[in-house]
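Trainee: Just need the whole structure built from these sequences, with the hints factored in.
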Amino acid sequence: MAILLTYETRAIVQGITGRVGSIQTRWMLEYGTKILAGVTPGRKGETVYGVPVFDDVKETVERFGVNATVIFAPPFAAKDAVFEAIDAGIKLVVVIPEHVPIADAMEMREVARKRGVVMLGPTTPGVISPGVGKLGIMPGNMFKPGKVGVISRSGTLSYEVSGYLNDEGFGESSVVGIGADPVTGVDIADILEMFDRDNDTEAVVIVGEIGGSREEDASAVIRRMRKPVIAFIAGRLAPPGKRMGHAGAIIQGETGSADSKLRVLEDAGAKIAFKLSEIPKILRKVL
Amino acid sequence: MAILLTYETRAIVQGITGRVGSIQTRWMLEYGTKILAGVTPGRKGETVYGVPVFDDVKETVERFGVNATVIFAPPFAAKDAVFEAIDAGIKLVVVIPEHVPIADAMEMREVARKRGVVMLGPTTPGVISPGVGKLGIMPGNMFKPGKVGVISRSGTLSYEVSGYLNDEGFGESSVVGIGADPVTGVDIADILEMFDRDNDTEAVVIVGEIGGSREEDASAVIRRMRKPVIAFIAGRLAPPGKRMGHAGAIIQGETGSADSKLRVLEDAGAKIAFKLSEIPKILRKVL
Amino acid sequence: MRLLEYQGKDFLKLIGIDVPEGVVISAPSEASGAFERIGKKVVLKAQVPIGGRGKAGGIKPADDPKTAQEVASELFGKEIRGFKVKKLLVEEALDIAREIYMGITIDTRSGKRTFMFCDAGGMDIEEIVKLFPERLVRIDKYPSEALREYEIRSALRGKGFERELLVKLSHIAASMFDAFVRYDLTILEINPLCLLKDGRIVAADAKVEVDDNALFRQEYFSKLEKVDVEDYMEREAKEIGVSYVVLDGDIGLISSGAGLGMYTVDLMADEGLRPANFLETGGGITAKLINDSIRLVLRRGNIKAILINLYGGVNSLIEAANGVKQARESFAKDVPIVVKAVGNQQEEAWEILSSAGVHLIKTFHTEKAIDLLKEILSQKERG
Amino acid sequence: MRLLEYQGKDFLKLIGIDVPEGVVISAPSEASGAFERIGKKVVLKAQVPIGGRGKAGGIKPADDPKTAQEVASELFGKEIRGFKVKKLLVEEALDIAREIYMGITIDTRSGKRTFMFCDAGGMDIEEIVKLFPERLVRIDKYPSEALREYEIRSALRGKGFERELLVKLSHIAASMFDAFVRYDLTILEINPLCLLKDGRIVAADAKVEVDDNALFRQEYFSKLEKVDVEDYMEREAKEIGVSYVVLDGDIGLISSGAGLGMYTVDLMADEGLRPANFLETGGGITAKLINDSIRLVLRRGNIKAILINLYGGVNSLIEAANGVKQARESFAKDVPIVVKAVGNQQEEAWEILSSAGVHLIKTFHTEKAIDLLKEILSQKERG
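Protein chains in written order, with our numbering: chain A, 20 to 306; chain B, 20 to 306; chain C, 17 to 399; chain D, 17 to 399.
Everything labelled a hint here was simulated from the structure, so no lab data went into it.
Quick look at which bits of chain A chain C covers, simulated, 3 or more residues with Cβ under 8 Å:
(1) 55 to 67
(2) 73 to 81
(3) 99 to 110
Given the structure is predicted, the values throughout are model-derived calculations rather than measurements. The C-beta atom is built at its ideal place from N, Cα and C for all residues, glycine as well.
Mentor: Printed below as a string of structure tokens:
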């Protein structure tokens with residue numbers, strides 16, 4: 020039926036009373052998402068678009084059996100918000116904020132993975148399961164229910180690729196932003212495996228970009244997947260990024276460039292799209 | 020045959036080239052202890068009383084199958100020395116230094132217990148199994164092989180009590196200093212259980228002192244022990260120690276005084292000695 | 017190392033916790049100026065390193081500069097529970113709406129740091145907690161664990177704190193815990209933390225103790241003006257490198273371990289002997305340290321005899337014996353000295369000690385040493 | 017934030033790592049004084065925020081004060097790989113016995129910090145490691161793990177370092193790792209670390225980068241004199257709050273996401289269009305931010321058209337539309353602007369944009385926006 024965000028998902032919004040948090044709560048509610056409560060310390064007793072506000076996450080878990088959270092905290096407070104959610108037992112954590120210190124992102128990743136928590140972000144648009152709900156900031160009108168799973172490092176490009184899928188009548192099972200930061204909670208590989216197990220997903224599109232090695236690292240999973248995978252990499256002609264010193268170069272080795280990613284992905288059996296508009300055509304062939 | 024230190028014990032000395040470390044190494048060797056190597060960073064290739072010196076603990080474990088260590092490090096370096104030993108896989112760590120910061124002792128205790136390591140100290144004389152060997156600084160001539168296990172918070176008092184045991188023909192199976200610091204690696208209760216399982220120990224003497232609650236905490240073990248336990252508390256008439264604020268008082272509750280300890284221990288079934296000289300007499304009755 | 021109130025409050029300011037407006041003065045003449053600077057009713061608080069100073073008359077109000085000066089004169093002349101008043105903290109009088117307790121210490125039992133909170137504060141806190149244990153909020157943390165604000169918020173849920181107050185209290189608690197770890201503290205207690213009628217939250221008192229063994233890495237505290245906490249002899253003992261506590265008897269006592277020392281005090285008391293002090297050398301005996309220790313013990317005056325109880329484990333009995341001999345030959349010529357010394361290298365040590373003219377016990381029996389001491393004293397009395 | 021060499025070396029000194037004797041100068045006239053202060057042969061090193069300055073003639077020796085002054089004059093007149101030389105580091109010439117590499121960075125793949133050591137250093141380090149991977153010592157650590165000196169000692173066993181040298185290198189490595197964590201660094205590299213013939217161990221170069229997102233909690237760096245690293249327009253972009261990179265084309269590009277921006281650049285290049293810049297707003301669009309961004313893009317001169325590619329997710333399309341309209345009405349009157357805007361509140365935004373006289377794409381197709389842009393440009397060319 021979808022991954023991560025399903026009809027069983029009962030979510031809260033951390034930072035619900037903020038400017039962005041409150042408007043996005045409204046849009047998530049309008050999209051039909053089950054937002055049962057919000058948390059802003061010191062604001063217990065208020066409501067935001069009818070959603071009751073509490074001082075701490077634990078109380079919302081105890082009262083509503085919450086199992087997911089969308090975090091709109093300022094970057095310096097993101098880590099504490101994530102730890103609070105994890106300590107309260109929440110297993111799906113969507114971290115919207117940009118500009119989170121990378122050291123904090125590393126701590127968040129370490130703890131989330133040790134505790135079996137799926138953390139999207141930092142700098143993620145979140146996850147949408149069209150027709151079911153959305154946990155994040157993506158515009159709901161860009162998505163339609165369907166059978167293609169989308170994994171993206173970029174929020175905006177996931178909207179664009181969904182546009183093409185909709186135009187050609189495919190639609191999406193779930194669209195997952197793993198986060199645009201150098202260090203994020205989950206890897207492309209993790210989400211691929213979820214889509215491979217999902218009965219409602221027939222093919223998966225990876226919207227990658229240059230830098231890092233998340234795409235290359237996904238190749239082992241692609242190899243053993245039963246479902247077709249289509250991969251796209253943004254930044255083929257983009258200016259090269261900053262060099263991370265000799266140390267960065269040594270660690271990175273050959274990975275990181277569009278060429279490397281495309282070669283490794285193709286080698287693992289993914290179909291390559293050079294433009295997003297090619298994706299529906301490839302899908303027709305493989306499905 | 021003894022606890023902790025047996026014929027299977029193969030030890031190193033960390034800080035072997037120091038003034039105290041080297042002379043104590045000599046005395047441990049003279050007592051017949053198997054000291055296979057020493058460690059002082061930067062001193063690899065030297066020898067101390069015939070014992071080869073290495074730069075790191077791991078190498079000594081790899082070469083000699085070491086399973087115990089005696090640490091003579093300056094107080095500020097004790098934590099690193101303990102972690103090095105634990106990371107190298109050593110399961111018996113004797114921490115001689117005094118004046119170790121309590122925060123470091125807490126870290127050491129936490130890590131040691133999580134990793135299943137028996138850590139004596141900080142501020143311990145160590146452990147001696149008379150006739151087998153000694154890991155620590157106790158004078159070997161104060162002890163004789165025998166059937167009484169001794170657990171002490173104080174080094175000097177463990178020597179004195181052994182004197183009485185020897186005089187009356189009992190001798191000791193092992194004499195264990197848990198350490199005189201407020202926070203130590205093992206508790207009296209832990210050592211009691213080891214003595215209870217040890218075939219060569221017929222009775223156990225606890226040499227406690229006022230302050231803390233290690234004696235009180237041992238009562239649950241004493242209750243279920245098969246072997247007789249004799250307890251002595253030093254400081255019956257000592258001036259009261261510093262109050263650790265209201266917080267300390269709240270935590271401590273009624274524990275800590277000689278009265279509290281003696282009452283709780285007696286209640287758990289231990290025989291109480293008010294002077295060390297009474298211990299052999301009590302032993303005659305219970306054995 | 018225990019901080020005086022004003023030093024503790026400076027530290028709280030450093031870690032972002034508000035304290036009342038206050039000025040520290042060292043002479044009565046500064047009191048009216050301090051009053052003017054604060055600009056409202058004040059209390060003058062004697063800065064002594066001991067509790068219970070309120071009941072002992074060490075805290076007095078003043079409503080105008082003139083009274084402030086008079087009160088200051090009175091307080092500076094006082095001795096409070098054995099400590100001369102050398103500094104006063106002149107502080108704004110507080111208009112208190114509510115008092116709270118917050119404290120952190122180390123639970124030696126578990127090796128954890130323990131944070132405690134009570135929705136009431138003040139001198140009766142221990143009683144309150146005993147009578148109403150449910151009012152105490154307690155959170156224990158291993159060294160590897162942080163205490164986060166949200167845990168405190170969760171723990172305070174339903175305790176009657178809401179809105180900003182809840183957020184501020186959680187923040188104060190988290191700041192305290194963070195500082196406790198970072199600065200190697202052994203106690204950090206704010207009792208009471210006062211909610212004032214004007215909305216401020218201030219620490220009306222501050223109890224801060226730092227781990228002496230960690231001062232080497234705590235520049236903030238090692239640089240602080242040393243507090244005149246201990247008896248001057250205890251301070252000297254610190255310089256020598258021994259633990260020292262003054263008692264009220266007439267027998268000097270030196271032992272090479274705390275347990276042995278306590279035991280010796282017990283045995284002496286059982287025999288009707290009264291130690292003048294408790295001096296414990298720890299494991300770093302040198303001839304000089306023993307020599308200095310004997311001098312320190314004798315400085316007390318009125319010492320009838322000295323008992324030295326030693327084991328040679330990590331300590332060198334030879335060094336100790338040489339120290340005794342040096343003292344004997346220079347300043348400790350007449351006082352009877354009983355030495356019990358056994359352990360490593362005991363024979364060499366005995367030889368030196370015999371030549372020093374001390375009474376020697378060559379076995380481990382502290383009881384025998386005390387019997388010998390009694391005998392010497394009664395001989396002395398008989399003349 | 018990337019530090020210049022002299023700033024990086026100041027930082028190394030702060031964390032207890034030795035660097036060569038050196039003096040920073042800002043004018044040629046200071047060179048001979050600097051030489052005198054150092055008192056031996058020197059090298060003058062241009063302080064520019066880019067690698068490869070040695071090959072570009074940015075490092076020169078001088079054996080006497082007069083030569084130092086001449087060399088300084090020459091260097092201050094230079095531009096090195098696009099950067100004007102504004103500061104020189106005058107440093108003692110080193111008598112090197114051996115060079116070593118030490119570096120720490122973040123392995124984004126695993127989310128660990130990675131320490132690297134090689135028994136050879138210098139510019140060819142990457143080649144050396146490729147050819148002789150066994151010469152690289154690598155230790156990876158999760159955030160919850162410390163790197164301890166003994167681990168480094170164990171890892172360096174058998175690599176040919178002994179006695180004090182082994183201890184010192186381990187200590188330097190541990191200090192680096194500790195600082196890397198404490199100061200929120202993303203790179204800390206010493207290459208080469210030089211063993212000098214006189215026995216000293218000094219960092220001959222220092223590469224230090226701090227996480228910009230952590231500057232709020234890193235006072236040491238946030239207080240540092242800002243380095244003239246970026247193009248002045250990139251600096252202005254930072255103040256506006258957007259990411260900005262100068263490219264060499266003639267089409268202004270503004271996008272509301274990095275991925276979308278890169279994709280747009282790819283598509284433009286496929287169609288033979290050349291972007292003048294890469295400007296990405298992130299998630300904080302306001303009317304002012306868009307207005308400022310358009311101004312920044314136009315300041316480049318020679319801009320034939322602007323393409324604005326937006327999604328309304330966390331960003332407000334209405335704010336964006338108002339920003340475009342304001343720019344249109346004040347300074348951006350004539351340049352053709354193509355706006356693609358879809359997402360939340362798209363209808364309201366389209367209304368504003370239509371009234372602003374821009375070319376509007378109301379679907380998600382970036383390709384269509386580029387087609388439209390091409391058409392506009394060719395119409396313009398045709399006149």
